[in-house]
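Asks: Protein sequences, first through last, are from chains A and B.
Start counting the first sequence at 1; every next residue gets the next number (the numbering used here).
Start counting the second sequence at 1; every next residue gets the next number (the numbering used here).
Rather than coming from a laboratory, the hints here were simulated on the basis of the structure.
Any given hint could be a false lead.
[As the list claims (entries may be wrong)] Here are the computed lysine-lysine pairs in the PhoX-like style, where the Cα-Cα straight-line distance is at most 20 angstroms:
#1 Lys-51/B to Lys-45/A
#2 Lys-44/B to Lys-45/A
#3 Lys-42/A to Lys-44/B
#4 Lys-2/A to Lys-51/B
#5 Lys-51/B to Lys-71/B
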Amino acid sequence: RKEVEQDPGPFNVPEGATVAFNCTYSNSASQSFFWYRQDCRKEPKLLMSVYSSGNEDGRFTAQLNRASQYISLLIRDSKLSDSATYLCVVFRGGYNKLIFGAGTRLAVHP
Amino acid sequence: NAGVMQNPRHLVRRRGQEARLRCSPMKGHSHVYWYRQLPEEGLKFMVYLQKENIIDESGMPKERFSAEFPKEGPSILRIQQVVRGDSAAYFCASSTGTGGDEQYFGPGTRLTVT
Numbered sequence: 001r002k003e004v005e006q007d008p009g010p011f012n013v014p015e016g017a018t019v020a021f022n023c024t025y026s027n028s029a030s031q032s033f034f035w036y037r038q039d040c041r042k043e044p045k046l047l048m049s050v051y052s053s054g055n056e057d058g059r060f061t062a063q064l065n066r067a068s069q070y071i072s073l074l075i076r077d078s079k080l081s082d083s084a085t086y087l088c089v090v091f092r093g094g095y096n097k098l099i100f101g102a103g104t105r106l107a108v109h110p
Numbered sequence: 001n002a003g004v005m006q007n008p009r010h011l012v013r014r015r016g017q018e019a020r021l022r023c024s025p026m027k028g029h030s031h032v033y034w035y036r037q038l039p040e041e042g043l044k045f046m047v048y049l050q051k052e053n054i055i056d057e058s059g060m061p062k063e064r065f066s067a068e069f070p071k072e073g074p075s076i077l078r079i080q081q082v083v084r085g086d087s088a089a090y091f092c093a094s095s096t097g098t099g100g101d102e103q104y105f106g107p108g109t110r111l112t113v114t
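Excised from the complex, chain B in its bound form (with noise of 0.2 angstroms):
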């Protein structure tokens, strides 16, 4: 009875590279949220999908970042030419998506950008 699943745990990027962080929810759950959390700072939704659609991507920096959930597959948050302002714990959470329920986080994924 597998948690939600983040990957990789830590990765270290340099400026101008990109970033590719994994999240694979809760078997039964369909709705997937990615959070970032700086240093020292509370968590900040980013976005909200369901399989193949974003649902609310209010949260999200307007260039750089991107996010999808395929299909097939673990949902992917994407970001391009890092910089040193990214680096963070970014947090994935599934819930089953029926309003007001319980989201269940995983482990993250602690980026570095040198």
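Bound conformation, chain A alone (with noise of 0.2 angstroms):
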């Protein structure tokens, strides 16, 4: 079993459509947990840290279950360019390396 599962997609949804992903971790221990986007060929990009209290940015929301080890992102009114793959990433203290789910791919369209 992957230590970081997601839905790898594709979400294809209109412009202006709401969005949510999800994302399960297996490691209790699991300390800190991001959001990245990455396009095409391109690096991962920080989008958002993740915490038990929720936290919103703009258009995007993300929400953390400790006791369901579950995050997701929310993502409000879809733009064209919110195209890309979203990494839901855990970050284990001690260990000090980012692990990274296979990705979620969504396509927005007109």
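Hints are included, so try docking the two chains, each in its own frame, into the full complex.
Replies: Spelled out as structure tokens, the structure:
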């Protein structure tokens, strides 16, 4: 079983739609959680950190449920420029390495 | 205010040759990480280095791969006697290393083995 699991998609949505991505992680010792965005053939870029209290950045809302070991990302009012692969990422302290999910592809169409 | 720099951006090697990938971390960052991304797959951790020290190499293949981060100069990921299966994007990231902090990625080196 992979340590970080995501639905690979693709999610095909029209502009303006709301879309939600889910992610589960298996190691309860995981300390920090992130969503990264990766455009085709480019490097991953940090989208946002994820906290138990939930956090919002404009159209993006991230949520963490430690009891269920579940992370989510909600994108409201999708734009064409949101088309990318969204990577769920877990950090384990003491190891200083990021564990990446395989990513969920999002395609926003006009 | 340069970000993480990697070179070359594209590298083509024939089977059996050596590949050297370089990474210069962001200014002020002393921790470097290498990740590999195979086609259609997620990023996989390879190695974590600080200056002159390998901290964690649990993701490195046992043979042909080595990494260093000397006191002066960039971090180097070296692949000896490359095989077709080594074709991938190799990303370097850096951080200040204060635990749980954000890692910033370079643009990657795309290695193609012919």
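Asks: If you check each hint against the structure, which ones fail?
Replies: 1 and 4
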